[in-house]
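**Q** Guided by the hints, dock chain E onto chain A, whose structure is given.
Protein chains: 2
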Amino acid sequence: MKWEIIGYTAACLTMFGFVPQVIKMFRTKHVKDVSILMLCQVGLGIFLWLLYGMHLRNSIIILANAVNLATIFVAIFCYCYYRRRNKALEVVKTQVRK
Amino acid sequence: MKWEIIGYTAACLTMFGFVPQVIKMFRTKHVKDVSILMLCQVGLGIFLWLLYGMHLRNSIIILANAVNLATIFVAIFCYCYYRRRNKALEVVKTQVRK
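Residue numbers (my numbering), protein chains in the order written: chain A, 6 to 103; chain E, 6 to 103.
Looking at chain A on its own, in the form it has when it is part of the complex:
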């Protein structure tokens, strides 16, 4: 039972692992230092885990990776949105200075 709790805790912590990063992106609206390559690489890895879980018909692997993939999608969306927005703001600032 003790080991099951450790396993479930581990699964929960990693499943929602990118949630703090998404919250930070929302709060600060800055994403410059975040690696988009990390988000894409982990996203692709989690997607393949999801396929592998479907192949094994293991509902725990499917659920954990589906939730994780959803948060990574949100993180990638936030990254692209704020990156574009901040670049546009910089252009406006430069033009105002001129």
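Relax, there's no trap hidden among the hints.
Copies of the same chain are indistinguishable here, so a pair counts whether it falls within one copy or spans any two.
In the DSSO-like style, the derived pairs of lysine-lysine whose C-alpha atoms are separated by at most 30 Å in a straight line are:
id : residue 1 : residue 2
1  : K98       : K37
2  : K98       : K34
3  : K37       : K92
The set of hints was computed from the structure by calculation and includes no laboratory data. All values derive from a computational prediction rather than experimental measurement.
**A** Positioned in the frame of chain A, the structure of chain E alone reads:
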């Protein structure tokens, strides 16, 4: 065999998932937008996975999580180092301006 390749590819991608973030930290020397809570949460989750893998005596779970944990440790170290360094630099800049 096809599904084994998918499983191993998934494991490799997620195992080295934080490497692009560490490389970006090294290159830019800026970490302000990275969530330290994300690194600590995933780090703790991976550590518990490692313990769980040791309990199951599953060498693949142990190896994958040990490598992942090592890269997360490097990421946390880089975060703390550059965060401190950049704050010190800001203090120096403020004093020079005065």
